[in-house]
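Student: Residues per chain, in single letters:
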Amino acid sequence: MLRVHDLDAFYDRTQVLHAINLKVDEREIVGLVGANGAGKSSTLLSIVGIKTRTHGEVWLDDERIDHLPAYDRVRRALVLIPERRRLFPFMTVLENLELGAYLPVPRQQRGETLDRVLELLPVLAERRHQVAGSLSGGEQQMCAIGRALMSCPRILMLDEPTEGLAPLYVERLFELVVRLRDSGLTILLVEQNVEHVLEIADRGYVLENGRIVLEDTGRALLQDPRLKTAYLGL
Amino acid sequence: MAVQVTQAGADTKTGVSGWSLSIAPRRGALSVVEVIVLAACIAAALTMTNRHGVDIMIRTFLWAGLALAWNIAGGYVGLISFGHAAFFGIGAYTSTILLLSYGISPGIGLFGGALLAAAAGALLTVVCARLRGPFFILSTLAAGEVTRIAALNWRSLTGGAEGLEIPAISSATDMVFATQWPYVGLVLSYMLLVFALSVWIERSRYGYYLFATRDNEDGASAIGINPGVMRVSAMALSAALTAIGGTLFVQYFLYLDPTHIISPDISFEFALICAIGGLGTASGPVFGALIIVPASELLRGWLSQSASGLYLVLYGLVVILVILYFPSGISGAIARGWAALTKKKTS
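Protein chains in written order, with our numbering: chain A, 1 to 234; chain B, 1001 to 1347.
Because the hints were derived from the structure by calculation, they are not lab data. Hints are not guaranteed to be accurate.
[What the hints assert, rightly or not] Quick list of simulated restraints, FRET-style, between CB atoms:
| no. | chain 1 | residue 1 | chain 2 | residue 2 | range |
| --- | --- | --- | --- | --- | --- |
| 1 | A | H67 | B | G1133 | 56 to 62 Å |
| 2 | B | L1115 | A | P69 | 24 to 30 Å |
| 3 | B | V1127 | A | H67 | 56 to 62 Å |
| 4 | B | G1133 | A | R84 | 18 to 24 Å |
| 5 | B | I1169 | A | G111 | 40 to 46 Å |
| 6 | A | E126 | B | V1313 | 40 to 46 Å |
| 7 | A | D115 | B | H1260 | 43 to 49 Å |
| 8 | B | V1127 | A | G111 | 39 to 45 Å |
| 9 | B | Y1325 | A | R84 | 58 to 64 Å |
| 10 | B | S1328 | A | R219 | 28 to 34 Å |
| 11 | B | F1135 | A | T14 | 21 to 27 Å |
| 12 | B | R1300 | A | H67 | 28 to 34 Å |
[What the hints assert, rightly or not] Which residues of chain B face chain A? A few of them, derived with a C-beta cut under 10 Å, are:
| no. | residue |
| --- | --- |
| 13 | Q1180 |
| 14 | W1181 |
| 15 | G1185 |
| 16 | A1212 |
| 17 | D1218 |
| 18 | G1219 |
| 19 | A1220 |
| 20 | G1224 |
| 21 | I1225 |
Virtual Cβ for every residue (Gly too), placed ideally from N, Cα, C.
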């Protein structure tokens, strides 16, 4: 479904990603893990086309999309929930959700999609008229996921969704990710919380200094001693 | 269409359907305060008889409309422009040249000016697409100055420094009137029209996309919004509405020259009125103009004999005080005051 082939990425002249190759199949959770600064967020930003300069290929199904601007990639149902959620803090929850239904097809089905999102994330229904900036961290993350779901994605990419969340919300969030996969969504998940993410991931990639150093099923990676080496530099 | 009186927000499912009326100014809803202020404007327009008072009222309504137009670019999508005088000038010159050279009524000419200004605004935004913050502001200032210098030197078209004069012969087709009342009607309609458009933008999805682009461009891109299209469309709309104001201005004063019409001072004034009234809100530019324009006109009149120029010091002082103590402008101060009052009552 999503294939990344020999992807290099640069911030100005500094190369941050080196020949990244990864694939995400339909209805799969793929975890992307690594230490701080390993290049996890840069990988997602490069796939969706925000900020970084890239060389290499990004394919969605049979279409090459690496030359498209970010908003055109989103139109192909490839949606990123960025790090620190990037909600619009002075807008209400409902307005933030409305923004998600930007694309023509989701706009036509807005009412139904909104009902589904509010059913899936009841906390948003309770807080619908509250400004997003006044929500707790966990509620903001739910709002960011709700907003992404409003655009009817096929592939959802989450960047550090549990960052700064209370343990209760971390549990709820991983449960939600599994439910989304079970409902037919394809998920690429970047996380610091390695154990959690590899437990739910069908497959995983380990990044180190902008390179993929390990690739296997989630469970197998958890047992692999090289994971600790990649993470702690031991 | 259901009308609900709410304090905290419209109880609508999708957030953009149905109208709501709040007490204090709030984005996306018409407020009781705004309705009272606009009703007072209409009442003043119908009852004021003093010639000087009517003159100040015409300038106030016109400047309110122009500041509202500026606010669509500066407040809603974050394109702070110090070059809007160029669009103002394009509107004024286009309709005047069409009238003087081809006998085309300014009622039609204003649409020509609006189209030209929209094209100029769109072009400016496309050319400066990669510029942000102070760099964008400086480029708009430069664009304004280039337009002024071009108008000064293109004598065959604009009359150069001598300017153009519209003959003061009363004619409804030429939009030249012997009394002030038709002008009051024109500028009041202009202000109300741009205000209504601003309220519509605030509560429409288009408005959400503008705010999203302003608040977080990457975030907006990540949900599929094309920030370039949002910026260009908002600037084009803002420029077109400013150009219409330019036509109304020249039809009232019947004279225009580049130094006064395409002056950076005019652009600064649009921005200041919005900053004082409340940037990014529909009511802010109206509140700002209702305070700033009469105050500066009256102060200038009172102090012109004893201490000419002092009015500018006082004007500056008011601006500094408002920006220091009411950073979200008068509109924001009213909303905060009302929120504090209701909170006190509840507790």
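Student: Holds or violated: the 21 to 27 Å window for the beta-carbon distance between B/F1135 and A/T14?
Tutor: At roughly 24 Å between Cβ atoms, A/T14 and B/F1135 fall inside 21 to 27 Å, so the hint holds.
Student: Could you check the hint for me, namely that B/V1127 and A/H67 are 56 to 62 Å apart, CB to CB?
Tutor: Because 23 Å falls outside the window, the suggested range is violated.
Student: With 24 to 30 Å as the target window, see if B/L1115 and A/P69 comply at their CB atoms.
Tutor: Holds, at about 28 Å.
Student: Does the CB of B/G1224 sit less than 10 Å away from some CB of chain A?
Tutor: Interface hint status for B/G1224: holds (4 Å vs cutoff 10 Å).
Student: Would you say the C-beta atoms of B/I1169 and A/G111 sit inside 40 to 46 Å of each other?
Tutor: 58 Å, violated
Student: Could you check if B/G1185 really has its C-beta closer than 10 Å to a C-beta on chain A?
Tutor: 36 Å, violated
Student: Closer than 10 Å between Cβ atoms is the bar; does B/D1218 clear it against chain A? Give me holds or violated.
Tutor: 5 Å, holds
Student: Taking the closest Cβ pair, is B/A1212 under 10 Å from chain A?
Tutor: 5 Å, holds
Student: How does the Cβ-Cβ distance of A/D115 and B/H1260 compare with 43 to 49 Å: does it lie in that range?
Tutor: 57 Å, violated
Student: Between B/Y1325 and A/R84, does the C-beta distance stay in 58 to 64 Å?
Tutor: Violated, since B/Y1325 and A/R84 (Cβ atoms, about 32 Å apart) do not stay within the stated range.
Student: If you check the beta carbons of B/S1328 and A/R219, does the distance land in 28 to 34 Å?
Tutor: The hinted range 28 to 34 Å is violated for B/S1328 and A/R219, with Cβ atoms some 53 Å apart.
Student: Should the interface hint for B/A1220 be scored as holding, given a Cβ-Cβ cut-off of 10 Å against chain A?
Tutor: Hint on B/A1220: holds, closest Cβ of chain A at ~8 Å, below 10 Å.
This entry does not satisfy hints 1, 3, 5, 6, 7, 9, 10, 12, 13, 14 and 15, going by the numbered hints stated previously.
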